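Undergrad: Given chain C, put chain Z in place with the hints provided.
Chain residues, written in single-letter form:
2 protein chains.
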Amino acid sequence: MCDVKDMTNKVTKIGLLGFGTVGREVFRILEEQKEYFARKMEYAIEVKSICVKDMSKDRGIAKKYFTTDYESIAKDPEIDIVIELMGDCPEALEAMQLALKNKNSVVTANKAIMARHAKELFELAYANGAEILFEASVAGAIPVLRSIREGLSANQIQSLYGIINGTANYILTKMTQEGADYEAVLKEAQEKGYAEADPTADVMGHDAAYKLSILAMLCHGKIVSVDDVFCRGIHYIKPVDIQMAEKFGYVIKLLGITKINGEHFEARVHPTMINKANPLAHVDGAYNAIEYKCNYAGDGMLYGLGAGGAPTAAAVVSDVIELVHSIRSENKINLQPSGFLSQSLVPAKPIDIQDLKSRYYIRFSVTDKPNVLSRMTTILGKNNISVQHLYQHGADEDQTIPLIIFTHDTLERDIRQALREIDKMDFITQTTKIIRIEE
Amino acid sequence: MCDVKDMTNKVTKIGLLGFGTVGREVFRILEEQKEYFARKMEYAIEVKSICVKDMSKDRGIAKKYFTTDYESIAKDPEIDIVIELMGDCPEALEAMQLALKNKNSVVTANKAIMARHAKELFELAYANGAEILFEASVAGAIPVLRSIREGLSANQIQSLYGIINGTANYILTKMTQEGADYEAVLKEAQEKGYAEADPTADVMGHDAAYKLSILAMLCHGKIVSVDDVFCRGIHYIKPVDIQMAEKFGYVIKLLGITKINGEHFEARVHPTMINKANPLAHVDGAYNAIEYKCNYAGDGMLYGLGAGGAPTAAAVVSDVIELVHSIRSENKINLQPSGFLSQSLVPAKPIDIQDLKSRYYIRFSVTDKPNVLSRMTTILGKNNISVQHLYQHGADEDQTIPLIIFTHDTLERDIRQALREIDKMDFITQTTKIIRIEE
Numbered sequence: 003m004c005d006v007k008d009m010t011n012k013v014t015k016i017g018l019l020g021f022g023t024v025g026r027e028v029f030r031i032l033e034e035q036k037e038y039f040a041r042k043m044e045y046a047i048e049v050k051s052i053c054v055k056d057m058s059k060d061r062g063i064a065k066k067y068f069t070t071d072y073e074s075i076a077k078d079p080e081i082d083i084v085i086e087l088m089g090d091c092p093e094a095l096e097a098m099q100l101a102l103k104n105k106n107s108v109v110t111a112n113k114a115i116m117a118r119h120a121k122e123l124f125e126l127a128y129a130n131g132a133e134i135l136f137e138a139s140v141a142g143a144i145p146v147l148r149s150i151r152e153g154l155s156a157n158q159i160q161s162l163y164g165i166i167n168g169t170a171n172y173i174l175t176k177m178t179q180e181g182a183d184y185e186a187v188l189k190e191a192q193e194k195g196y197a198e199a200d201p202t203a204d205v206m207g208h209d210a211a212y213k214l215s216i217l218a219m220l221c222h223g224k225i226v227s228v229d230d231v232f233c234r235g236i237h238y239i240k241p242v243d244i245q246m247a248e249k250f251g252y253v254i255k256l257l258g259i260t261k262i263n264g265e266h267f268e269a270r271v272h273p274t275m276i277n278k279a280n281p282l283a284h285v286d287g288a289y290n291a292i293e294y295k296c297n298y299a300g301d302g303m304l305y306g307l308g309a310g311g312a313p314t315a316a317a318v319v320s321d322v323i324e325l326v327h328s329i330r331s332e333n334k335i336n337l338q339p340s341g342f343l344s345q346s347l348v349p350a351k352p353i354d355i356q357d358l359k360s361r362y363y364i365r366f367s368v369t370d371k372p373n374v375l376s377r378m379t380t381i382l383g384k385n386n387i388s389v390q391h392l393y394q395h396g397a398d399e400d401q402t403i404p405l406i407i408f409t410h411d412t413l414e415r416d417i418r419q420a421l422r423e424i425d426k427m428d429f430i431t432q433t434t435k436i437i438r439i440e441e
Numbered sequence: 003m004c005d006v007k008d009m010t011n012k013v014t015k016i017g018l019l020g021f022g023t024v025g026r027e028v029f030r031i032l033e034e035q036k037e038y039f040a041r042k043m044e045y046a047i048e049v050k051s052i053c054v055k056d057m058s059k060d061r062g063i064a065k066k067y068f069t070t071d072y073e074s075i076a077k078d079p080e081i082d083i084v085i086e087l088m089g090d091c092p093e094a095l096e097a098m099q100l101a102l103k104n105k106n107s108v109v110t111a112n113k114a115i116m117a118r119h120a121k122e123l124f125e126l127a128y129a130n131g132a133e134i135l136f137e138a139s140v141a142g143a144i145p146v147l148r149s150i151r152e153g154l155s156a157n158q159i160q161s162l163y164g165i166i167n168g169t170a171n172y173i174l175t176k177m178t179q180e181g182a183d184y185e186a187v188l189k190e191a192q193e194k195g196y197a198e199a200d201p202t203a204d205v206m207g208h209d210a211a212y213k214l215s216i217l218a219m220l221c222h223g224k225i226v227s228v229d230d231v232f233c234r235g236i237h238y239i240k241p242v243d244i245q246m247a248e249k250f251g252y253v254i255k256l257l258g259i260t261k262i263n264g265e266h267f268e269a270r271v272h273p274t275m276i277n278k279a280n281p282l283a284h285v286d287g288a289y290n291a292i293e294y295k296c297n298y299a300g301d302g303m304l305y306g307l308g309a310g311g312a313p314t315a316a317a318v319v320s321d322v323i324e325l326v327h328s329i330r331s332e333n334k335i336n337l338q339p340s341g342f343l344s345q346s347l348v349p350a351k352p353i354d355i356q357d358l359k360s361r362y363y364i365r366f367s368v369t370d371k372p373n374v375l376s377r378m379t380t381i382l383g384k385n386n387i388s389v390q391h392l393y394q395h396g397a398d399e400d401q402t403i404p405l406i407i408f409t410h411d412t413l414e415r416d417i418r419q420a421l422r423e424i425d426k427m428d429f430i431t432q433t434t435k436i437i438r439i440e441e
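In order, the protein sequence lines correspond to chains C and Z. Under this note's numbering, the first residue of the first sequence is numbered 3, with each subsequent residue one higher. Under this note's numbering, the first residue of the second sequence is numbered 3, with each subsequent residue one higher.
So that you can see chain C by itself, here it is in the shape it has in the complex:
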């Protein structure tokens, strides 16, 4: 079996592509823990080369490690494992493909590339007797991919709810705890380094959609295009929404949700009202959590830090340790990297969001005109929307009155039709906003 790598060599050599926050921490962990890791493996781990963009920067590490040539690392026959931390760019995909073709195993934290190219990378790895692991791509330090793929592998995962973007959760938590505006909290988060200068990917849910697509693959063996994941951000959430959630026993979280029931398959990311009694409601700040429901294991939750240099690097290095065992025991492929056989990994389209049946929170912005309520509720009734709570909030600074409705179970198609009609009315001052409710 041992036709490629020299197994007499007691050192596992690493090529590191990218040396940002995570890359530096990976290097540090491998240096700091040599003695500890010797208790876990017979084989030492050694970084051989590091690919960076700018060779001139002083990184306090011997120059001999660095190169700007990722191809030479990916192809290096002395290297056993290529760690890809280049971010979402074509070179990252190219480097992984090149490494696998050269029978070098890959560890990556790249959610965007795994969400788009997982299956082809798995097949490339398999064809070349190499392996690919990507625990760090979802929820940082939380061992969620491994738990779904291995620890829960006897189960069908019926539903999964994830707080999988720390920036969005930090902002919503601050808004909840301090009653502050979205804009003010975002600005503060940017100043403190919790949000990036361009926060779009985090606050608009795109980052969470990538992660959800990966989670759906591991949960259900379905390849979901990120473009098919319904995705809404948190930018429209106002303090009044948070107060109304609180008043009726809910908390607002940006959730990635996937559910399966026979042919019915959901994959969506949006701000969601969840019951205060739900453990996810207590997951605050930059923490991530994944709540799941299985056919045998029942429900459970995994909770921890979803981002940050050291936590993400710890996930990367844990993958490396697994690969060291695997490479050194001459094992070809142990578990399928998705938990499913490649031929069982099939493309699937989630239901159209219009076909979602859910409870809804609706925030109308109205001015005080005659018969507002009766005109509105007539349209709601005509569209099969039945109201559970109706609450009129005090007027805000521009004399707009937020009128709040919690519906019973409703088809989103009906909600949208009703809102199209209502939003044309003369008493509506701003586009009506909705928040989906999960019990």
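Note that these hints are calculated values from the structure, not bench results. Since the model is a prediction, treat every value here as computed from it, not as a measurement. Some hints here could point you the wrong way.
Any copy, or any two copies together, can satisfy a pair, since identical chains are not distinguished.
No more than 35 Å apart at the CA atoms, straight line, and that leaves these computed lysine-lysine pairs for DSBU-like [unchecked claim]:
#, residue 1, residue 2
1, LYS15, LYS295
2, LYS371, LYS384
3, LYS36, LYS278
4, LYS240, LYS278
5, LYS12, LYS351
6, LYS50, LYS295
7, LYS121, LYS36
8, LYS249, LYS278
9, LYS12, LYS121
10, LYS351, LYS59
11, LYS194, LYS176
TA: Okay, now just chain Z, sitting in the frame of chain C:
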């Protein structure tokens, strides 16, 4: 490499030892999920034989499966994986040893045997090119062993707090929610089947101590004798303790705790007051949870069902699936079953509980005599115990007055010395009780 098992055979054969609640569910999952598992593995899983005590019982399953002879199953060369669910008895250990000696891999849910014999079983497995997995032995459906061994393997786990006994947690939760007496709740739990007729192992912490010993092995690579795990049950907790906890912002949970800091190593099981803000404080009823703190991944928690037929069976079958991959890929040993090399798994003694430094809740039971407080506090002061809160609760039915003290950080040795002196006083009506506090 393939000198033992016939790899051309596309079926993995299982021998099942024990057919109680968990065994029956294992059989059911393997039957029900044939189609689903075919998406995960190229190899079918088939139960070949089941060992039971009583052959005459009608189990609604063909007689051909059953035998009373566990040895024949353990030694059967046609069998690939022996699932041991016999409970804590000498035959269970014997069967596992026999299976491993015959190069049959083992999956077990046996916490008592794993706590006592893990290292010798690991070495036996290794020597025979077989494997042993035991995810179901701790916290049922929660993939905690795998998470520590693999997902967090780059980390040193500095502390771990576990709610790892569902019965004790159910009782404490009911006492907290309903203000009920221990005895009344225990009786109700027994009637509902949440507690066994003899609840000793659960309520006295012995079950949790076995699990903690296994967790400590996976966290630190230390073999801890269960006899060295300090262990106290929940039987002495009274409603007044729960009220006092509540009043000062705490919740009482039976925790398994292990901590490590250089040479300082703790492993203990006892009722503990934890802050209401701690995620563990919200883990109610029959749920289990494990909270950990790592040097790189930071802190996290795994939460789910800790017992029950289907959840435990799901953990067993997940181990089976991992072994199917491993056996069929001709891999000898992939990960060390503890995450540590056998020679690094060293016996270790936790600190004497007397050397514990902690905050303490102390419940004195006193009668109204002159100078009670001054006599008591003089002894406390003499023993270096400084009081943070002192609270006198109303007299209970037998005119005993609970006098409650929360201490600052104190050595348990000093607490014990002080209580020995105070409990001799004429104003003390019952032995003083303590609850350790973790922040």
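Undergrad: A separate judgement is required for each hint: does it hold in the structure or not?
TA: Do the hints match the structure? See the list:
In the homo-oligomer, the alpha carbons of LYS15 and LYS295 lie at most 35 Å apart only across protomers (29 Å), although the nearest pairing inside one protomer, at 40 Å, exceeds that limit. Within a single copy, LYS371 and LYS384 get their C-alpha atoms as close as 21 Å, which meets the 35 Å cut-off; across copies the closest is 76 Å, which misses it. Neither within a single protomer nor between protomers do LYS36 and LYS278 lie at most 35 Å apart by alpha-carbon distance, with minima of 44 Å and 38 Å respectively. In this assembly of identical chains, LYS240 and LYS278 lie within 35 Å of each other by CA distance both inside one copy and across copies; the values are 19 Å within and 29 Å between.
Taking CA atoms no more than 35 Å apart as the test, LYS12 paired with LYS351 passes between copies only; the shortest distance there is 33 Å, against 46 Å inside one copy. In this assembly of identical chains, LYS50 and LYS295 lie within 35 Å of each other by CA distance solely across copies; the values are 31 Å between and 43 Å within a copy. When the C-alpha separation of LYS121 and LYS36 is checked against a cutoff of 35 Å, the pair qualifies both within a copy, at 34 Å, and between copies, at 24 Å. Proximity of LYS249 and LYS278 under a CA criterion of 35 Å is satisfied in both settings, with 11 Å inside one chain copy and 22 Å between copies.
Taking the shortest alpha-carbon separations for LYS12 and LYS121, both the intra-copy value of 32 Å and the inter-copy value of 25 Å come in at or below 35 Å. Taking the closest pair of Cα atoms, LYS351 and LYS59 never come within 35 Å of each other, the shortest separation being 46 Å inside a single copy and 49 Å across copies. Proximity of LYS194 to LYS176 under the C-alpha cut-off of 35 Å is restricted to the intra-copy arrangement: shortest distance 13 Å within a copy versus 43 Å between copies.
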